[in-house]
Structures are given as C-alpha cells and as structure tokens.
Amino acid sequence: NIARHPASMVEELKGVVHGLEGEKRALEGQKAAAEAEVSLLTSQVALSQEATITVESDLRCSLAAQQDSKTAFDSELAALRGERDALSASLADARGERDAVLAERNELELRVGEME
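Quick note: the sequence shown uses this note's numbering, first residue 3, plus one each step.
All the given hints hold, so there is nothing to weed out.
With a cut-off of at most 20 angstroms between alpha-carbon atoms, the simulated SDA-like pairs for lysine to any residue come out as follows:
1) Lys33 x Leu43
2) Lys26 x Leu15
3) Lys72 x Arg62
4) Lys33 x Gly21
5) Lys72 x Leu61
In case anyone wonders, no lab produced these hints; they're calculated from the structure.
Because the structure is a prediction, the values reported are computed rather than measured.
Could you build all of it, start to finish, from the sequences and the hints given here?
Now the structure itself:
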C-alpha cells in the first residue's frame, strides 16, 4: 500500500503536469490569436491613415481647383465689367453726337424755314 501510494502520487503529478501543459498550449494559442488580432488592427489603422491622407489630399486638390476657378471667374467678370463700362462710354458718346446732329439739323431746318 505504501509502495503504491508514491506511484499513484507520481501518476497524479503526471496528470497535473499534462493538464498544465495543455493549459500552456491553450494560453499560447490565445497569445497567438491576440497577436494576430493586434497585427490586423495595426494594418487596419495603417489603411485608415492612408485613406485619410488620400481624402485630405483629394480635398486640398479640389479646394485648390475651386479657388483657381473662382479666380478665373473673378478675372472674367472684371473683364466683362470693363467692356460694359467701355460700351457705356461709347453709347454716351454716340448719344452726345446724335444730340449734336439733331440740334444742328433743327437749326438748319429753322434757317431753311426762315429762308422760305
């Protein structure tokens, strides 16, 4: 009985060691899974950062293009206003010339009427 007792204790300890080895493998598996998840999350963060940089770059380009378009529009608008002002001045000159011609014609008609 005494001889069996140490043998059964050895078997029991072997079982405990076997169980601990199984727990160790399970923990190593969990560690590997956690490391894989960290790697995946790190990759996702990197992709997200790249996407953010791309979106920011696209937005900057779009804003620059809009600013260029606005500058071109403002320049064209200023040119059109200049043309309008020049045409208004020409029209005023033409009206002045017309009024002078009409006044001269009226004066000539009066002279003709006095001569008759």
